[in-house]
Each structure stands twice: as C-alpha cells, then as structure tokens.
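Hey, can you work out the whole structure from these sequences and the hints?
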Amino acid sequence: MRTTATPFVVRHSLAGRIVHLDWLVLVLVATIASVGVAALYSTAGGRFDPWAGRHALRACAGLVLMLCVGLVPFRVWLRGAYPFYLAVLVALVAVPFFGVAQMGARRWLGSGDLSVQPAELMKVALVLALARYYQWLNPSRVSHPLWVAFPLVAIAVPVAFVLKQPDLGTAVLVLATGIGVMFLAGVRPAYFVAGAASSIALGNFVWPHLQDYQRRRLITFLDPDRDPLGAGYHIAQSKIALGAGGLKGRGFLGGTQAQLNFLPEKQTDFIFTMFAEETGFAGALVLMALYAALIASLIWMALRARHQFARLLASGMAVVIALHVTVNIAMVIGLLPVVGVPLPFVSYGGTSLLTLMFGIGLALSARLSARERLRRDEFGAMF
Amino acid sequence: MFVHDEEPEDNRARFTRRAALLGLGQIGVFGALGTRLYQLQVTEANRYALLADENRISTEILAPVRGRILDRTSRVLASNTEGYRAVVVPAIARDLRGVLRRFAEIVPLSFDDIERVVARSRRQSPSLAIVIAADLSWERLATINLNAPHLPGVRTEPSGARVYLPGTHMGHILGHVGSVERRALDDNPVLRLPGMKTGRAGVERGLEETLRGQSGSVTSEVDARGRVIRIIDSVEPRAGRDVTLTVDADLQEAVMTELGKYRRASSVVVGVQTGAVLVLASSPGFDPNVIARAGESREWAAVQASPDDPLNNRAIRGLYPPGSTFKMVTALAALEAGKVDLKERLPCEGRFEYFGQTYRCWKRSGHESCDMHKALRESCDCYFYELARRTGIDAIAAMARTLGLGVLHDAGIAGAKSGLIPDHDWKRGRFGRGWLGGETILAGIGQGYVLATPLQLAVMTARLASGLQIAPTLVGEMAMRAAAQPLAVKPAHVQAVRRGMIAVVNEDGGTGSHASGEDGGYLLAGKTGTAQVSSHSRDTAQGDLPWDKRDHALFVAYAPVSAPRYAIATIVEHGGGGGAVAAPLSRTIMDFVMARDPLGKPVATVLTGPSRRLGDG
Chain A
25 MRTTATPFVV
35 RHSLAGRIVH
45 LDWLVLVLVA
55 TIASVGVAAL
65 YSTAGGRFDP
75 WAGRHALRAC
85 AGLVLMLCVG
95 LVPFRVWLRG
105 AYPFYLAVLV
115 ALVAVPFFGV
125 AQMGARRWLG
135 SGDLSVQPAE
145 LMKVALVLAL
155 ARYYQWLNPS
165 RVSHPLWVAF
175 PLVAIAVPVA
185 FVLKQPDLGT
195 AVLVLATGIG
205 VMFLAGVRPA
215 YFVAGAASSI
225 ALGNFVWPHL
235 QDYQRRRLIT
245 FLDPDRDPLG
255 AGYHIAQSKI
265 ALGAGGLKGR
275 GFLGGTQAQL
285 NFLPEKQTDF
295 IFTMFAEETG
305 FAGALVLMAL
315 YAALIASLIW
325 MALRARHQFA
335 RLLASGMAVV
345 IALHVTVNIA
355 MVIGLLPVVG
365 VPLPFVSYGG
375 TSLLTLMFGI
385 GLALSARLSA
395 RERLRRDEFG
405 AMF
Chain B
74 MFVHDEEPED
84 NRARFTRRAA
94 LLGLGQIGVF
104 GALGTRLYQL
114 QVTEANRYAL
124 LADENRISTE
134 ILAPVRGRIL
144 DRTSRVLASN
154 TEGYRAVVVP
164 AIARDLRGVL
174 RRFAEIVPLS
184 FDDIERVVAR
194 SRRQSPSLAI
204 VIAADLSWER
214 LATINLNAPH
224 LPGVRTEPSG
234 ARVYLPGTHM
244 GHILGHVGSV
254 ERRALDDNPV
264 LRLPGMKTGR
274 AGVERGLEET
284 LRGQSGSVTS
294 EVDARGRVIR
304 IIDSVEPRAG
314 RDVTLTVDAD
324 LQEAVMTELG
334 KYRRASSVVV
344 GVQTGAVLVL
354 ASSPGFDPNV
364 IARAGESREW
374 AAVQASPDDP
384 LNNRAIRGLY
394 PPGSTFKMVT
404 ALAALEAGKV
414 DLKERLPCEG
424 RFEYFGQTYR
434 CWKRSGHESC
444 DMHKALRESC
454 DCYFYELARR
464 TGIDAIAAMA
474 RTLGLGVLHD
484 AGIAGAKSGL
494 IPDHDWKRGR
504 FGRGWLGGET
514 ILAGIGQGYV
524 LATPLQLAVM
534 TARLASGLQI
544 APTLVGEMAM
554 RAAAQPLAVK
564 PAHVQAVRRG
574 MIAVVNEDGG
584 TGSHASGEDG
594 GYLLAGKTGT
604 AQVSSHSRDT
614 AQGDLPWDKR
624 DHALFVAYAP
634 VSAPRYAIAT
644 IVEHGGGGGA
654 VAAPLSRTIM
664 DFVMARDPLG
674 KPVATVLTGP
684 SRRLGDG
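Protein chains in written order, with this note's numbering: chain A, 25 to 407; chain B, 74 to 690.
Since the hints were derived computationally from the structure, they do not count as laboratory data.
One or more hints might be untrue.
Computed list of chain A residues with no C-beta within reach of chain B, every gap over 12 Å [unchecked claim]:
no.: 1; residue: VAL51
no.: 2; residue: ARG71
no.: 3; residue: LEU95
no.: 4; residue: VAL100
no.: 5; residue: VAL117
no.: 6; residue: PRO169
no.: 7; residue: ILE224
no.: 8; residue: ALA225
no.: 9; residue: ALA320
Here are some chain A residues pointing at chain B (derived, C-beta under 8 Å) [to be verified]:
no.: 10; residue: GLY204
no.: 11; residue: ILE264
no.: 12; residue: LEU271
As a list, the in silico DSSO-like pairs of lysine-lysine whose alpha-carbon atoms are at most 30 Å apart [stated by the list, open to error]:
no.: 13; chain 1: B; residue 1: LYS490; chain 2: B; residue 2: LYS500
no.: 14; chain 1: B; residue 1: LYS622; chain 2: B; residue 2: LYS500
no.: 15; chain 1: A; residue 1: LYS188; chain 2: B; residue 2: LYS490
no.: 16; chain 1: B; residue 1: LYS334; chain 2: B; residue 2: LYS412
no.: 17; chain 1: B; residue 1: LYS490; chain 2: B; residue 2: LYS334
no.: 18; chain 1: A; residue 1: LYS188; chain 2: B; residue 2: LYS500
Ideal placement from N, C-alpha and C gives every residue a C-beta, glycine not left out.
So this is what it looks like as structure tokens:
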C-alpha cells in the first residue's frame, strides 16, 4: 500500500502522477498490442503493409492517448461523463442517416482514416456514464425500482440503435457491459434473475410463432456447423487452421493455413486463429494469460479504490475487456456464432483499439485519485 | 477535500464480493475456452494433421454455372460463354517476378504487365488471386497445367462471361450481372471467388437465387507447390436453374419499335387470368451487352449520358399520375360504399365547386348530366369529383390497393416501385398535417398525390377484366401455377365498370374511339387518361407548350371484350392526349399481341381448348 502514505502534493504534481500511474496495466496493454502488430505482420505474409504498420502507429498513438487521459485529473472525466455519453448517443443515432455502409451494415461515420464507429465508443461511454451515475446515487437506493430504471434506459437506448445497424455482436456486448456494471454497483441479484427468466420465457413464447425460414436462419446462426459452406464456412476454416497449429504451432510466419485461402476478416475477427495457428496451443495460452493479467489488475485497481466512480470505471473496463476476449475466442473456436467482435488491442481496426485504450486511460486516471474523498453530490443534481 | 470516508463499509464489502464473483466467473470461462482450444489444437488435431511440414489444407470453393434465361418460346435471352483464365496467388508464388517470367514463356507478358501484377500484389492481401491472363486458348490452358509444378501459385479457372440476346429491347427485363457488391459479401463464400458475378438489375437480380445455383467445395491437402496430396472432402457444385420467362422476345421487339416513335414511353401487357407479363417495354431501351463491356466502350458513356435515361425501367419504376385511368377505382369504391347507384345522374356544367375552390371538367362546356356509364365513356371529371367527395379518400385508397395500385408487385424483376396511393394516415405520416377535402377531389380523377407505374396500371386493368386478384409475374412457372382468388368486389359492380370501358372505345362520344381499330377482328375495352404534369391552363393547346410541360398520355385496355385474355397499360411521356396518342398506340400493340396469340382464332377454342392457360399468359 505504497500510495496510502503519499502526500497530497506529490500526487497532484504532474511528476507525482506519472510516478504513481499504474505502469503494470500500461505495460500489459503495450505487450498485447505488440502481439497484435506481430500477428498482423504475419497475416500479411511478412509485411507491414497493409495492416501491421498502421496498427503499430495507432497503438503508439493509443498508448500516448491512454497516458494523457490517465494524467488528466479524474474530476474532468467525472464532469464530462454525461455529455460524452450523450454525444456518442447522438452520433449513434446519426449513423443510419449519415453513415457509410460496409459489409451489409451501416456502422461508420465519416470516411477514410477519420471514420469512427460510434457503437465501439459507446462501450466506454456507457461504462463512464454508469460509473458517474452510481457515484451520485446513494448506495442504499441502488435497488430501488426507479433508480434501476434509469440505467436500464441508458443501456437499452444505445443497444436498440446498435441492433438496428445491424450489429448483433456489439449490441450484445454493450448490453452485457451495462448489466455487468449494474451488477458491480450492487443492484439486488433478484433483478438479474428476473431479467434472465423473462428473456428465456419470451424466447419460448416467440419461437412457436416464427416462420419456418426465420427459424432456419436462427438455427444456422446458433449452430453454424449445420451449413458448412454457408455461415459455417468461416468456422470450419478456423478449426482447420487451429488444428493445423497443434501444440507448438507452425512458427512465426509459418501459418500458411490462415494466410492462404482464408477469410477476408482474418485481420480483424479471426486474428486469434491466425495467432494460434502460428504459435500453437502454447502461444494461445500465453495470450490468454496476458489478458487474464490485465483483467485481474483492473479488478485489483477497483478493489483498492475508495469511491464508486473509480471502482466502477476500473471494474467496468475489466468487464469490457473480458467480454471482448471471451466472445471473440469463443467465436473463432466455434462455441459462439460469428458476430463480429474484435480481439482487444490485437484485431486490426482503429476505433476499437483507440476506444479501449481511452477507456483504460480513464481507469488509470480514476485510480490515481482513488484515495480522494468525493462527496456524492459534489456536482449537484443528477445531471 | 480530505474528509474521511463516510461511505458505508458494507457498500465496499458488497463490491468486493461481486467483483470477486465476476473474477471467478471469468477464470471459469477462460478455463472452458482453454479446454476447448486444447481439444481442437491437440486432441483433435490429427484430422487436420499435415503429411509434411510444408503442406497445408485448402478448402476451395467451386463456383456453380449460372442458369440461362429463356423467353416463352424457349429462345435463349441470356447464357454463358466458356473460357479460361490464369490467376496467380502471390503468397504461394513467393518469388512472384520469377514465376511470372516463367509464365511469360507460355503466355507472352510484357515487362509492364509483370510490374503491374507485382504492384497490385503489394496493395492487397497476398493471398488474393490476381488475374494474369484472360481468354486462354485450349493449347495454352493445357501447357500451363502441364507446367504447374514450375509455376507455384499459378492456377487456371473458368471465366465464363454472360452474353445477352443482342438488341436494346430486352435490356430492362434482363438487367445485367456485375461484380459482387460489398454489402452482399457476408452471405455466402462463393461470392468471394475472384470473378464471381451476381445479378445487379432486372431479372438477373430478381431471380438471383434461382440462377446462381449452389457452390461446391473441395477440401484437400496440398504441398508447397500447390499439388494435391489427398482429398479430404468434396462436394460438387450444383448449377443454377434455367429460367423461362413469360415474355415473348419478338413481341417485345415489335412493341419497342412502336414505342420508339416517341421520345419516352412504356407499355406493359399482362395475361388477365395468370398475371403472366407478356410485354414489359420501356423506351428508350439499352443493350445489356453494352453494360457487360462497360468501361471500355463509348456506347456505355452514351447510354449513361442520354437525357432520356435509357437505364431507367419506366415500366416498373416510372411513377406517373394515372389521371382518368384511375376513374374505375373511384367508380368501384363509390359503388361498393353505396354512395351512388348506376342510374343516378349528376350534373356537369364544366366546373365543380368545393369549399370555395373551383375544379374544372376537361370539357369546358360540361356534360349536362351523367350517369356512371356516360361519365366513364366521356370521362366526365365533375361526376367523379362528386363521387370522390361522397366516398372519401380512405375508401378510394382501399379500392386502389385491391386493384393492385400502391402495392409492390414482385414479378421476379428487381427494382420495382410501389407507387403512391395517399390516404389519411399517409398524409399525417409524411407531412404531419391532416388530409384536406380538396385533395380527395383531385385524387378521385387520379391527380394530386396519386402515382402508379405502368405495370400497376396493367395489373389493375387485368383485375378489372378477369375479376381475379392476379399477381403479375415474369416467371413462366409461376404463371402456370397461378390460381388467383376472386376480387373482393361485387361482380355486378365490376361488370358495370367494364361496360363503361367498352363504351369508351366502341360507343359514339367515347374518349377512346381511336383504339377501336379498323377491323382487328376483336373488340377492345379501355380507358383514356391525360395526366397533367404542369399547372398550365387547360385552354393552352398541347402543341403550343414546350415538350416537357405537355401532359402524359395514358391508355389502359383489355381484349377481347367477350373473353378477356390480355390487359395493357401504355404511357407516352408528354405525349399530349390519352385518347389521341396512347389509345391508337395501345390498339397497335394489342393487334401484335392478338396476332401472336396461339389461340387467337377461332374464339371458340379459347373457351374449350385444352391449353387455355397458355392463351392467357
């Protein structure tokens, strides 16, 4: 507990903040991002073009961003939480009107290098807004139906818009992130049990009323192996590549299985397959251990915090990372349908990379001030 | 700032419990993922184990052959040419320049060609194939395959092109194929094959699923040079099915020639019993082969630049105010609602007053008074203004939809528009304002917001002629299967409207007398329409107006009167009067149709003959 004794002045000077930054988290993120650069380099057949070079650049920019965000006093982020959430929500609503369609879905705003996916940003914006909300809310009231309803709406609205894009994977992720933060905030377990039970009941009620073709689509979606040349093609290819990798892998740049005749998304959703083919089961375990360490240190950060905002920011980001990693890996090994969830810091894609690094930066910032006392009503009313 | 923590300790403890719970859950999930990964990579790896380290397992998708498109007489409208081309996959080739230099000994490649391929391989993923030679002769094809071991990464593949019946008359119906659109990519791996083409317009797109067929695949182990060591699994591709259309290419050509006498026109002929579309003409047309050669040709630029927009299929996409051809809808709606009976005579003094607004009849001097028969025959506007006022827009709109207006018809061709039949709900949704009474008056004579495509007008006429709720189709099989329900309208009312349509063409004073024909051997029933497109005064002679301010000329008809088999809708953009221009044009087209009709004469066989269905469609 080296921070407990740190005098006020030291913690508030820039140098002091730099010293007390959670460097372990920074190093873990940088390491995982480097794995991403290497995997993308290999995916392109041993070239920095077209993915690895840009990924490296973005990762460096992201690390700097993360550092800067982490050094900014957390009160700035506390104040900006709601405006940021609302801005991202507006962007998300704007997507169907001004967005650019790609691969059958409208997800992007802007064009070229400057395009962003508001849905990706929403993951972090939601964690920030909910942390802000529970910082304000009296802990004795978290399970009051009215105070449960507010965050539910804040989660449901973006989820509905992401679903409309349509982007099932991100929608489920945003939903699960929101529910996870509510759980961590201490909402009574009965709510979660009731929610799960009613979704199952609703599913059972809807199923008999579906048309045949809708059922078929759902079945293919849930069980892609049934249709090996249609939706299941990706998974079949992914399994072949994993199998070809074996225990020790085919060696760096040796993963021909994934490099050739594979899917166009190998640099994004299926990068894990690529990595696991070349480094084998051993490499896959190392990568998963890196993620586990990152998640654990975020949770550890949350446990040491003294106020709800820092706690929920850090643990909320742990939830975001854990969900991404779990869904992505489960997807490429055929345990979940292919829904388009990137592997954090490794998959090619700017918005996801920068957003997650921004989110970790927020957690770092909150962590630096985790010992500060913060009155619930410091910023007046709820908004 | 440094007040002591007043936070209840149990809050903190609760967070700790829950965070620990999630953490434990995550450990469990990672454990499960790791276990599954172990199964795939270690336990089950044997299945995909490789015989040698350099080998790999490759699943190749085999493209199906695209189905042909035939017309009703089995004439081939769209087919495939056979051809082969060579591609190179840079990731397999490794030494790309060397491979290309060796390849150039078989198929001459210039230095620039080689540099172009090398440059391209740098821009895209090295596992994507690049075309290095097209249209290979059999000799070269054989030589390349014989030398495959010395040409790692090079392979040959079929590269059939789509060819269409030459001429501009079938372009709109057939549409064309093109490279797969990015947004379609997720569906099916076959779409990712280099050179894969899918339907982009017309029937090619509308019947894409049928024409495409199903891809096959071969999963095999190959060595570093691309030689197959063992086949693990193989599924043959299933070729796309041929599609026989209901259209008659010769008839279509004759109709296009007639329409070509005007700047922009469209005509649709539909079998009244089956909905089979016999003619779907939009003029000017285009030759689909020009699109297939697009990018290299000046013809294509000419087609795109033409002010008359030849690429627009007016028959299914042109939205026109139906004008007086809509009066059958108003008449039926009023009859069904009991707002008028067949005998009631309504006055017409050439003008109709409603809430201080004056609505004019096309005939300034008026029609004195009209019953329904006379009102249809002479297209009296005042009569239908009054009917519309009595019936109300919602009932009129419902009748219009019953007759197939304002509804999207899936005839097997992509891009059709649904037109517009306004009602209270639509107005509120579109403009946020309530419906005005005056808008009902205008809608009653097919003006105002009302818009329909020629196909929809032909469907409306076919439904009136047969009393059946036929759905239009371009697919032969669908037309054969058709078993349409009767219209939910009292047959006596439909009969009254039909009598009016017969009078339009065949009685004195009828606005469609130009369609009566000299002696075609059959009678035709129809309705004229003249749709105003600009707010010019009705007194100005059409000839004095600039072309694009002139009225659209419309005519809908069915024939023969005694036992209807075909319905037609014709529109000539800015043609002037429906009776003067569209009616005789429709008669000419119907003459062609009747002449091609296998059961045209004698009439008796039509009713008793064994293949009546064919006669209909």
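Identify every previously stated hint that the structure contradicts and give their numbers, smallest first. Violated hints: 2, 9 and 16; rest satisfied.
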